[in-house]
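Peer 1: Protein chains in written order, with the numbering used here: chain A, 1 to 341; chain B, 342 to 936.
It should be emphasised that the hints constitute simulated quantities derived from the structure, not laboratory data.
Fair warning: there could be bad hints in the mix.
Result set (EDC-like, lysine to aspartate or glutamate): computed pairs, CA atoms no more than 20 Å apart in a straight line [claimed, not checked]:
id : chain 1 : residue 1 : chain 2 : residue 2
1  : A       : K314      : B       : D476
2  : B       : K906      : B       : E924
3  : A       : K314      : B       : D704
4  : A       : K218      : A       : D268
5  : B       : K756      : B       : D771
A short, non-exhaustive set of chain A residues, derived as facing chain B with CB atoms under 10 Å [claimed, not checked]:
id : residue
6  : L140
7  : T143
8  : V145
9  : V147
10 : G154
11 : I204
12 : V205
13 : L207
14 : L209
15 : L272
16 : F313
17 : E315
18 : I322
19 : V327
Computed footprint of chain B on chain A, listed as stretches where at least three residues anywhere in the stretch have a Cβ under 8 Å from a Cβ of chain B [stated by the list, open to error]:
id : segment
20 : 71-85
21 : 233-239
In this text, a Cβ means the ideal position worked out from N, Cα and C, and glycines have one as well.
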Amino acid sequence: MLFLLQDGITNGAIYALLGLALVLVFAVTRVILIPQGEFVTYGALSYAVLATGKVPGTAWLAVAMGVVAFALDLFDARRSLRLTRVLRSLALNIVLPAVILALTYALAGPKTPIAVNIALSLLIVAAIGLFLYRIAFQPLAHTSVLVLLIASVGCHLALQGLGLVFFGAEGLRGPALSSAALTVGPLRFTGQSIAVYGLTIAFIVALWLFFGFTLMGKALRATAVNRLGARLVGIRTTLSGQIAFLLASVIGAISGILIVPITTLYYDTGFLIGLKGFIAAIIGGLVSYPLTAVAALIVGSVEAFSSFYASNFKEVIVFTLILPVLVLRSLAAPAVEEEKD
Amino acid sequence: MNQKLPFIIFALVMAAIPFIPGVPPFWIVLLNNIGLAALVAMGLVLLTGVGGLTSFGQAAFCGFGAYTTAVLTTAYGFSPWLTLPLSLLVSGIAAVLLGIVTVRLSGHYLPLGTIAWGIGLFYLFSKLEFLGRNDGISGIPPLSIGNFRMLDPGTIYFAIWIAVLTSALLTMNLLDSRTGRAIRALRRGHIAGEAFGVQTPRAKLLVFIYAAVLAGLSGWLYAHFQRAANPTPFGAQAGIEYLFIAVVGGAGYVWGAVLGAGIVVILKEILQSYLPYIFGGQSQLETIVFGILLVVLLQLAPTGVWPWLMARLPLKPARKLTDTSLPPATRVRAPASPATLLQIEKARKQFGGVIAVNDVSFDVQAREIVALIGPNGAGKSTTFNLITGVLTTTGGTISVLGHKVDNAPPQEVVKLGVARTFQHVKLVPDMTVLENVAIGAHLRGSSGAISSMFRLDRADEAKLLAEAARQIERVGLGDQIGQLAGSLSLGQQRIVEIARALCVDPVLLLLDEPAAGLNDRETHDLMNTIHAVRDRFDIAILLIEHNMELVMGICERILVLNFGKTIAQGTPEQVRSDPVVIEAYLGEPVEEAEL
Chain A
1 MLFLLQDGIT NGAIYALLGL ALVLVFAVTR VILIPQGEFV TYGALSYAVL ATGKVPGTAW
61 LAVAMGVVAF ALDLFDARRS LRLTRVLRSL ALNIVLPAVI LALTYALAGP KTPIAVNIAL
121 SLLIVAAIGL FLYRIAFQPL AHTSVLVLLI ASVGCHLALQ GLGLVFFGAE GLRGPALSSA
181 ALTVGPLRFT GQSIAVYGLT IAFIVALWLF FGFTLMGKAL RATAVNRLGA RLVGIRTTLS
241 GQIAFLLASV IGAISGILIV PITTLYYDTG FLIGLKGFIA AIIGGLVSYP LTAVAALIVG
301 SVEAFSSFYA SNFKEVIVFT LILPVLVLRS LAAPAVEEEK D
Chain B
342 MNQKLPFIIF ALVMAAIPFI PGVPPFWIVL LNNIGLAALV AMGLVLLTGV GGLTSFGQAA
402 FCGFGAYTTA VLTTAYGFSP WLTLPLSLLV SGIAAVLLGI VTVRLSGHYL PLGTIAWGIG
462 LFYLFSKLEF LGRNDGISGI PPLSIGNFRM LDPGTIYFAI WIAVLTSALL TMNLLDSRTG
522 RAIRALRRGH IAGEAFGVQT PRAKLLVFIY AAVLAGLSGW LYAHFQRAAN PTPFGAQAGI
582 EYLFIAVVGG AGYVWGAVLG AGIVVILKEI LQSYLPYIFG GQSQLETIVF GILLVVLLQL
642 APTGVWPWLM ARLPLKPARK LTDTSLPPAT RVRAPASPAT LLQIEKARKQ FGGVIAVNDV
702 SFDVQAREIV ALIGPNGAGK STTFNLITGV LTTTGGTISV LGHKVDNAPP QEVVKLGVAR
762 TFQHVKLVPD MTVLENVAIG AHLRGSSGAI SSMFRLDRAD EAKLLAEAAR QIERVGLGDQ
822 IGQLAGSLSL GQQRIVEIAR ALCVDPVLLL LDEPAAGLND RETHDLMNTI HAVRDRFDIA
882 ILLIEHNMEL VMGICERILV LNFGKTIAQG TPEQVRSDPV VIEAYLGEPV EEAEL
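Use the sequences and the hints to build the structure in full.
Peer 2: Take a look at the structure:
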């Protein structure tokens, strides 16, 4: 039984990371980030492609999205085109992804160290995350959660389709981060699973510190509660959104890189992984980081046990897990009047 | 009636299309798919666009409809027509079970919850042995009438579009009724509706079931059109697509569902058939373009194509004139009319450590006009919320006409004849003044959803609207009766709230800052209206107001609250000269004052 629990906790840790990212993005931008799963696959598969010595198509996607973002910036600022503003936008949207692309071409090869490959995949996915916010969500920032949610679905569809173009229909695996292993009693801990635990804990602590104790973290939370109010006190809400997406895409890519040595990932695997992160996030009420992490461990364990005892109904069990939670939530907190738009 | 004309023309055009020579059979298949999608999207219009409940799980309800008929016709030899009510019933029961769990969820939990069970059900469909697992069930018999079997797309076309047009008609009828107004008020929160007797959870469950039954109907038609059922069309992707259709068309509009279905189905077809030629053989290109178009469309027209189109067409719906001569619908009023209407004894409300209302006691007698005044944060609106059941008390008793109402739900309080307005206006901005006010008469009508759908509610409905129109005349907004409530000034919206409260035919009217946002002349009109209403209907009025001219001018008794406590009570003259009151308002230290 213990190995099932161990398996569950390893999976759960990944769901926890994703759940945290979802909570983060929702709290700051009100976007329910369905494309989170794509960040996972993009990170994982870019890493796997880099490991074979090739340049992944995602590097080009980052450049293309940067160009669109630059065009949007120019269009938005068309009445006050100041040089510094244009240059800043140029640096962020054109130069940055171009540099990443150039670096990727320069460094990619069969003998590139794992650490460089990881750094490159993270950079690529981070740029995509940043531009995704600029292109798809920034213009919709004032609309309802529903509109944002549907835009989010649109992004998911487009990115998943692009994933097929870049990585093909075949699944990929990446090299492990470390081949070290440790045996404690009946359990064998691989370096990979220890990295999973370590990074998850590190992220939870870091996010908690960031949101609880830094000015920027507090500004992000203020944006989440009231955009207009945040703007009135001088918080740049656009910047908050960008930071949230940047963090989410990096977290997604790291999760992907952590699991791609353990399981084969396909271009569309991310969606399901992301959804399980969702279940955890919902159980955590989309606001609480520690609760989300605990919930994610439960989701991972339930999945591991049900895939052992009732593998056919694994997904059914995982996804209906949410129903009793929702019932409890709705009983515990009777609906509060919401003042909508 | 010019509302019916476009509908009839549309129905005739749809009926004629298969008979036009040269129409490729493939177009008919497309139209069938549009019809099937439109049915589901129509449910979503009601659920999401009108009711404000977002569901990603509608495809699962199609699955219930399709699999019910698939199993019953193939394994048990049922006639397809016999399975129609059963399919709808199964979808409906599934909706009740899921709805009880889901519709109570507020905000973003709801869409997320629907995604989760939507996916869960998809996997259930694809794993269950008797549903044929991933392969599904094939060999479903076609629909047939006598010996006429609807085998080809051109014949089932009629079944599908008759279903679409009938559903559209029934849905529009439902929205334009007493129940429909309750549904349309859902999106703006539940407090206002409940204050006039709307059973909000029941209304939410109703739209949830309605949408599920429409989806079940679509699934049933789909099974007999494809003559097979497998899990793929009932998965999460499909559920997302239906919501997309509703949003593209215009989530608040019944015809938006049909338009959206047309746009999306045709667009997908074009993308699927032409993109591979342009970009080579890659298969998922259409999803990329589809996804991008979705985002672009939301940025350009977030309310959907239908309202955008209507704003550009020269068709303006003529406003129906309301016949105000109809007799008012009678309301079952609580019996007996003792002299004391409202009796409050030591009412208390604590929010954590804050005591918002601290052992407040007072009463309101029949035909009396009483004011509740005090600085901001004194607990005035909280007292209103305790009386009307919006908040539960921490202690003390409140009774109306001798009935104990502390901790009774708002719907019960209004039944005793207590009507109110709100400090923060709670109208539905995209409904007309008339429709908003008619919500006040909710308890004076009795027609339910079914009778509204079949237009059996017209006599009842006419009386409600007549009563609403009369009250609007009474408060002096007759000219604005057909305007959208959201287009009125804030002061006028407050007056609309008074008209709505009067529609209850109340014994006690609670007005929360009725004069805020009114100019001098309007305030005088309001004072006259309040007097007139009291004299005409023999009702008592309890009001919260900061405008001292109004308070001193019309009130017979004044109660002053500060920090949740009653600090003074009496006639306007007594209160005006009370040193404690002066201190509370002006902050001047008065030696003798004890707090």
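Peer 1: Now tell me if each hint is right for this structure.
Peer 2: We went through each hint and held it up to the structure:
A threshold of 20 Å between alpha carbons decides the hint, and for K314 of chain A with D476 of chain B the separation of about 19 Å falls inside it, so the pair holds. A hinted pair counts as satisfied when its Cα atoms are at most 20 Å apart, and K906 of chain B with E924 of chain B qualifies at roughly 14 Å. Between K314 of chain A and D704 of chain B the alpha-carbon distance is near 62 Å, which puts this suggested pair outside the 20 Å criterion. Pair hint K218 of chain A plus D268 of chain A does not hold up; C-alpha atoms about 35 Å apart against a cutoff of 20 Å.
Only pairs whose Cα atoms come within 20 Å are accepted, and K756 of chain B paired with D771 of chain B is rejected, the gap being roughly 27 Å. Hint on L140 of chain A holds. Least Cβ distance to chain B is approximately 6 Å, under the 10 Å limit. Taking 10 Å as the C-beta contact cut-off toward chain B, the hint placing T143 of chain A at the interface holds, the least distance being around 5 Å. Against a cut-off of 10 Å between C-beta atoms, the interface hint on V145 of chain A holds, since the closest Cβ of chain B lies about 6 Å away.
For V147 of chain A, the interface hint holds, since its Cβ comes within 10 Å of a Cβ in chain B; the closest pair sits about 5 Å apart. The criterion of a C-beta within 10 Å of any C-beta in chain B is met by G154 of chain A, whose closest approach is roughly 3 Å, and the hint holds. Among the interface hints, the one on I204 of chain A is violated; its C-beta lies about 21 Å from the nearest C-beta in chain B, farther than the 10 Å criterion. For V205 of chain A, the shortest C-beta to C-beta distance to chain B is roughly 26 Å, which exceeds 10 Å, and the interface hint is violated.
Because the smallest distance between the Cβ of L207 of chain A and any Cβ of chain B comes to about 20 Å, over 10 Å, the interface hint for this residue is violated. Hint status for L209 of chain A: violated, given a least beta-carbon distance of 26 Å to chain B, over 10 Å. At about 8 Å, the closest approach between the beta carbon of L272 of chain A and any beta carbon in chain B falls short of 10 Å, and the interface hint on this residue holds. Interface restraint check: F313 of chain A against chain B, minimum CB-CB distance 6 Å, threshold 10 Å, status holds.
Look at E315 of chain A: its Cβ gets to within about 4 Å of chain B, closer than 10 Å, so that hint holds up. Nearest Cβ of chain B to the Cβ of I322 of chain A: about 4 Å, under the 10 Å cut. The hint holds. Below 10 Å, beta-carbon pairs count as interface contacts, and V327 of chain A has one with chain B at about 5 Å; its hint therefore holds. For the segment 71-85 of chain A, the stated coverage by chain B is not satisfied: 0 residues place a CB nearer than 8 Å to a CB of that chain, which falls below the threshold of 3.
Evaluation of the coverage hint for the segment 233-239 of chain A: breached, as 0 residues show C-beta separations to chain B shorter than 8 Å, against a requirement of three.
Hint compliance for this structure: hints 3, 4, 5, 11, 12, 13, 14, 20 and 21 are broken, all remaining hints hold.
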